[in-house]
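Use these hints to put chain B onto chain A, whose structure you have.
Chain order of the listed sequences is A and B. Mapping the first sequence onto our numbering, position 85 (from 1) lands on 85, and the numbers just tick up by one. Mapping the second sequence onto our numbering, position 275 (from 1) lands on 275, and the numbers just tick up by one.
Note that these hints are calculated values from the structure, not bench results. Keep in mind it's a predicted model, so treat the numbers as computed, not measured. Please note: incorrect hints may appear among the correct ones.
Claimed, not checked - Mimicking DSS-like on lysine-lysine, the simulated pairs with C-alpha atoms at most 30 Å apart in a straight line are:
1. 132/A / 478/B
2. 828/A / 573/A
3. 132/A / 209/A
4. 392/A / 301/B
5. 180/B / 72/A
6. 301/B / 80/A
7. 494/A / 425/A
8. 425/A / 411/A
9. 478/B / 80/A
10. 411/A / 301/B
11. 301/B / 3/A
12. 80/A / 54/A
13. 132/A / 42/B
14. 39/B / 131/A
15. 60/A / 478/B
16. 504/B / 132/A
17. 289/A / 315/A
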Amino acid sequence: MPKVIIDGIEYEVAEGRNMLEAVIDNGLDLPYFCWHPGMGSVGACRLCAVRLYKDESDTKGKIAMACMTPAKEGTRISIKDPEAMEFRRFVIEWLMTNHPHDCPVCDEGGHCHLQDMTAMSGHVYRRFRFKKRTYTNQYLGPFITHEMNRCIQCFRCVRFYRDLAGGRDFNTFGSRNRVYFGRQSDGVLESEFSGNLAEVCPTGVFTDKTSARHYTRKWDLRTAPSVCVHCGLGCNIIPGQRYGTMRRVETRFNGDVNGYWICDRGRFGYEFSYGALKGGDGDIDEAKKLLNEANGIVGVGSPRASLESNYALQKLVGVGQFCTGLSAFEQEAAAAYINVFQTGSRRMPSLAEVESADVVVILGVDPTGEAPMLDFAIRQAMRKAPIEIARKLNIPDWDANAVINALHEAKGKLYMAAPWSMKLKEIAAETAQVEPAMIPDFAREIASDQANGLAATIAADLAKARKPLIVTGLSAGADTIRAAADLADSVIGKGRDCGLFVTVPEANTMGVAMLGGACVQEAARKSESGEADTLVVLENDLSRRLNPSDFDSLVKSVKNLIVLDCIATETTKAASALIPVTTVFDSEGTFINNESRAQRYFSVSPPKEGLAQAWTRIRDLGGFTQWSSCEDILRELAAGKPIFAPALAAAPFADWRTEADQKIARSPHRFSGRTAKDANWTINEPQTANDTQTPLSYSMEGDQNPPAESSLIPRFWWPGWNSNAATNKFQIEVGGGLHGGNPGIRLLAVQGKLSETQCPKSPERPGPNEEAREIWLVPRPYIYGSEELSRRGRAVAELIPPAEAIIHPQTAEIYGLENGQMVEFYTKDGQKLSLPIRVEDSVAMRVAIIPVGFPETRGIIAPDIARIS
Amino acid sequence: MAFYRAHILVDTGTAAVLKGANALRTALVDEIKRKGLDKEIKVVETGALGLAGAVPAIVVYPEGVTYANVTVDDVAEIVEEHLLKGRQVSRLVYKGDTPSVIKSAENCRSAEMRVVLKNIGVIDPTSIDEYIAMGGYEATAKALTTMSPQEVIAEIKASGLTGRGGAGFPTGLKWDFTAKADGDQKYIICNADEGEPGNFKDRLIMEGDPHQIIEGMIIAAYAVGAQKGYIYIRGEYQQSVANTERALDVAREMGLLGSDIMGSGLSFDIEVFKGAGAYICGEETALLASLEGQRGESRMKPPFPPTHGLFGMPTVINNVETLANVPHIIVNGADWYSNIGTQKSKGTKIFSPCGDVQYPGVYEVPFGSTLREVIFGMAGGIKSGKKFKAVLMGGPSGVLVGEEALDRSLCSEDLNPGAGALIVLDETKCVVDLIKNCAQFFAHESCGQCTPCREGTKRMVEFFNWWTAGAGSEQDLKLLDQLATTMALTSKCGLGQFAGVAFKSSIPLFEEEYLAHLVDKRCPAGICEMDKVEEEVRV
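Isolated chain B, as found in the complex:
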């Protein structure tokens, strides 16, 4: 294997691609080659780095310097200064402390309802005192000193809290299974492997208010009788890891972690585990395998993690946002919580609109708010006065919806919000290009275990490569539709089952655009290089 002295990671998440990450990557590769550095420096495509407000972004290793808002025009300077002369381009270096997605609460618009995000941008995330001043650890005290574990579970059940990672499983029920399972050792795992492109809500919580998660985990541990917790954070979230670890240290010093917490007899500690960047490891059983030091592959259920999870022991796995909701439920009560939201979706949901919106960022609204409220009310609508075209709900594994869906409400009864990403396209964007990017993402992230996903995702990419190179034909659409259906029906886990969803949902909405690519060999948005006939084109 060749040895490279430097690696450049290019964020090619969906949001970044919409802002020209592919052109940036090509420019970087060309420039490096032009300078004769291509044997020494390798350009690697990576998933979203979580810098939605600051993309396109790149990270240069071994130094680990992140450059944000990089454009093609900056490439020559970065290569010349950083890679050749070893001087960092300071004007582009991403500072990281105050991500541009974090806005202060004062800017909060009327429809926003901040429960989980109430401290974000208000307190210093490194200060536990500020967190406590804002009512922090009150929930822990209340739960551990005045409630029995059964009462805690009952409260969470009554609140109607459901998982915020996308699947929406009732949290109280999950805790109940684990509490009732036999096992000398039980675990609480916080799933912070926020891998779905377009999502960056968990990062915000970890960076801006990490104690909230710790508190949620302590309460969960008390409820189910766990002794050990892990926060599985994706490795790219360096700031999240730093802030969370600092918060854990402080909490430990103050006796909020460790043995006999608050005299309740609960002994519980938490460790941060950094993921290595595989999307599949966000799936709970693959996450367990990864934590155990094995290959990140999904496992068959049953047995389910609540009874047979980490190292075969009963394990609760909750998303960051789910756990962050817990302290508020304990302090304010289940009744308060269950009055927020809709019939079936209780509480608030954090959305992360990004792409062609004026104010990409993170917004917390009660379930049942409309898509229009989030995109136009909060994210400021489409930027540069352009028209709205479509939005990819929840990321590449979600559905694509158009203008007709803007007034639908975001809740499990109507338009499922998934994990909360809203990737917005304006009228100048190409849907085929967007879905191609989604397909590339899945082909890259398939674990390779089952045939439909391993081979099907690859075939999808090849189809899109044809189409965007002007080599498509009308029958292809039907063929790929059939392939996507087969994958959805027969893949082993969610990755393959959802890999074709965005594509399938886009056909009825944008059939004309597909046909323009396939029949007329033309990209209406002028984005796809229709004349670029590569070697990998059908014969």
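The following block holds chain A by itself, in its conformation from the complex:
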């Protein structure tokens, strides 16, 4: 490791760093704006100026930008050099000339990097007396507020949006001191990652519009470490609450999963919590009575409920009577995935590891719609794949613009085959729109020696890739997963380190799949056949998984329907006993993400107004008095099912304390209104809720500094670093992993030897018969609208596309359909679906693409053949 000298003291730094990173890695402070650990250096803001000396004898040195200076052995700089300090103060003074100083009304105030850096640089006196430059702001959609007057022209936004997120509708406009960042004209930002602008912007140009509706300063937010519930990737988040309601969601850095970023569904989907069920105990007494009188009970679990709640339900109804809450299609695919996971030698990369792939083949899933951060990770992979070109020119990886310039148009190879054309097509080498049943065959053709055309091209690229990666998902079906595994094996057979990444639809799909049980269809059968007259449904809307007629007959046939949920659904409407439970933000538990990573999440606030967490309700229903906390359930589960045992280490238990024998404070040290914040409903000073369940406290009492346990970080905050940039104080090296390791523990292990062929041949499936006016009906996930919870949020709801059936122009011609025409589809099992037609050439022939999870397409989650009216 090179040794550098900073202000006369020798420090060690990792290989290939720049001096700004060297300074921060070693716990020192140096202000900066345009550099970002996730985006590298460009040397634009000139704030990290230091004095750079040639060697020991050099007393003069020169002013240099730390972020553009490689940290080589013997590099000698001074941060405290008076001239460098003076220059940094100068830069801030320049930047401040036009800044509106509207901190009191600015949403960034209190977690503002500009405030921190101004204080750090020592600019205190304003000499500027001219008119400030002003701009016109733009409407950028329901997520982001634009206030250009605050801009300090660090160029981070445009670099994030264009270089990292691949957006094209946002840019730099104008020149000189009139530089403008925005869109060509007002309009909704097209990128699915636009919310990160609020975090990369060092000041308040881009702020969270949803949060502004019920704004709270960072110091007044109670926060806790949590995990995103809006897809199966398990991105780490920090939900913030005040007065017991959600105020905003920010990224919780996890170097193995989402890094510094989250998608817009994850950031803004939280608004569903405003429509959450209230009503205290609900019908708990009624439910107890019904359970006592029941003649056969079936429990339906949920992929959006915690592992602990699902296990509690399984225990309540008995293993044989437990159903995972997955549909038959999902269940089969999940089983295939778990089998594939445990029986091969393929790399099963984490989300962060996806970024190192250089050739990616996507089979039948749409990352953008289903697991948006995978879209982001693939973009990073494609961007970074040809990095060797830059390295050959001795350009360090962090020199962002030089790397872009050297790589130019070069990028990794992305191929995809799916029934529709997805957004990632814009960076793909080639794509194929194919019928759903043909995707496994396509994968098999790539793996075979007789590949032709596109399959041959893909095979050739995979065979010479450095880190090839096959991507598929549960929504592509079991056959595709098996075929994808076979393809990965064939590439490994050619000596390549091939990975397989499989998406799952919901936050705990893997948890319930690993817990095991029957599918939803089986639960419905048991109820209709009279085997059970009582159904206990945990956080699951059965109408999303059963087709409408099956759902109706289930509701009719079941005698007692006991439902626990945090939202009102078709299922809660039909409940004979409804028990409201807290949302994920007010619950503890464990989610198991798509790569089987067990991650704990913690409630932000204590349950209020009589509400309770789902596991406590089930405990009460079953009289399981041995469970005093969620952890007790996990312990019991781990003892009974060793596969879950590693999950115990995902986060410390309630008896954990810091070295100073403290818990971790959910409220920051500047939390205000402690005695009066509930004055709207009581004049008494309420006693602070005592959290006996977790190592965190609900108040500001406790440790405020970073715990050695990364899974317990409730917020990133550090003296002098009020913004999220404080993350660097929690990392081993800035931009790298967290102290104590990144949160989460993987449960499934790769076996390490080549497996038997999973799926030599797809089962014969007749395609649609054109003469009988048959067509493939293929559900497609959309980022906004397909996910059950987020679509209830106000901002997300604004962006839900209309429910339409998209067909190819030639298909339209064959069936005599026109754009905009209302068409009725009749599925094999007699369901009728009415949707308007949209004709587009972005889809495969003989398919109609319909949105999944929309009320208009309720119950259809697997591709099926339907007849057109």
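Below, chain B without anything else, positioned relative to chain A:
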């Protein structure tokens, strides 16, 4: 955004300002307002239009009519006739074919040595036959049929030819880097974005002898193995674009461009690309970005253009004058060339003295000639019998020198000539006003990427606005000096690094004049409106 039926571009380059362009602009704005046309017609300030001998000049769009030598007295007529009645004022229309800066070779004075300019004013620039009759394309034939690419590079290296755009990088070395770089596609770019105010030498070459540039580019392409060339011409140079494009067409027809040129196996073609008027795009990496269709912003080096240039491919970027020298080196040999000039600066340099000289124009002299020879020997000294005061070397990004520098020689060892502009001031001019104009130019042209340049150039302008409005104070001089130093030390590219150079060099020479403005609130030359206290004045 408001819609204007007409735009008037006012040349506010340094030379034009010295001849009253600011007063002209004000008069135009006032007159348009008086006629109630201010909602329909917009007056826009633009950089030098390259009409140094015919300024102040304006261009009226959408017609694109250029009026030259416009005075305040002409304003009423132009507004009334052209803008109101739609009739062009023919007596003022700039004809463009024979710019007044082009003088015939017969008038050439003894000290001038015309190498690059030898055909200018002698041949018809639209006729390739006349060019060939003067020995044109002999160099191309010699290089492509009798020399290997390595020999061409060796010859250029031996000649000591350096870049004429101002930075003076050895041309042969640049070619060598590109020749040795890997790449299926290589490019030759001729940088004809002559944006530095006061410079108009490249325009003259393009207008008067465009084939010379084409020839230089063909030879460069042969030497490095390039297939495609671009001539990046600033959009205001309409005549340059026209003449160059015509020359390219003719050359293509004659097989001098296209596939297998002269049976050498070289396939090479050239395209003209018009710049949109940003000064920064004259900087080579910003020029590349602009050519690629991106924002004109400078890029970090490395990677350097010779290995990673246009579209990431190896690229030679040479100034017009540099390329125009190439054919002469090939025909006459490196020895001949390296005997011209000084120890370190080989060959000739074209200067464009302008401002208060008797004969503003373009003059080619060997490196090492003195400033006095150019200004007094060729440009005829100061006009109207006034006294010499100072000269801005190379344009706003150069240094200001006074009388003591007149006998210094113009070469890289002594007084660096930059790109060749010599903006001359007579005794009646105000240095503060001149530097203010330079500051305005940089504040307008900063790309906005790095803080010191984006904010610093703006602050400089504000300081000068104070000073020329009678609101300065003595400490300001030190403050601005400090600001200029900081900008020079810390800006990302040359634009910001050189933005304060003219100011800094002017302080020791004209401190008294600054103090007159700052302390006595008086402009000795009577140019700055010291009593005009605007709203933007310090409190």
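Against the structure, the hints:
no.: 1; hint: 132/A / 478/B; verdict: holds, 24 Å
no.: 2; hint: 828/A / 573/A; verdict: holds, 28 Å
no.: 3; hint: 132/A / 209/A; verdict: holds, 25 Å
no.: 4; hint: 392/A / 301/B; verdict: holds, 15 Å
no.: 5; hint: 180/B / 72/A; verdict: holds, 29 Å
no.: 6; hint: 301/B / 80/A; verdict: holds, 28 Å
no.: 7; hint: 494/A / 425/A; verdict: holds, 27 Å
no.: 8; hint: 425/A / 411/A; verdict: holds, 13 Å
no.: 9; hint: 478/B / 80/A; verdict: holds, 24 Å
no.: 10; hint: 411/A / 301/B; verdict: holds, 21 Å
no.: 11; hint: 301/B / 3/A; verdict: holds, 26 Å
no.: 12; hint: 80/A / 54/A; verdict: holds, 17 Å
no.: 13; hint: 132/A / 42/B; verdict: holds, 24 Å
no.: 14; hint: 39/B / 131/A; verdict: holds, 25 Å
no.: 15; hint: 60/A / 478/B; verdict: holds, 22 Å
no.: 16; hint: 504/B / 132/A; verdict: holds, 27 Å
no.: 17; hint: 289/A / 315/A; verdict: holds, 18 Å
Violated hints are absent here; each numbered hint is respected by the structure.
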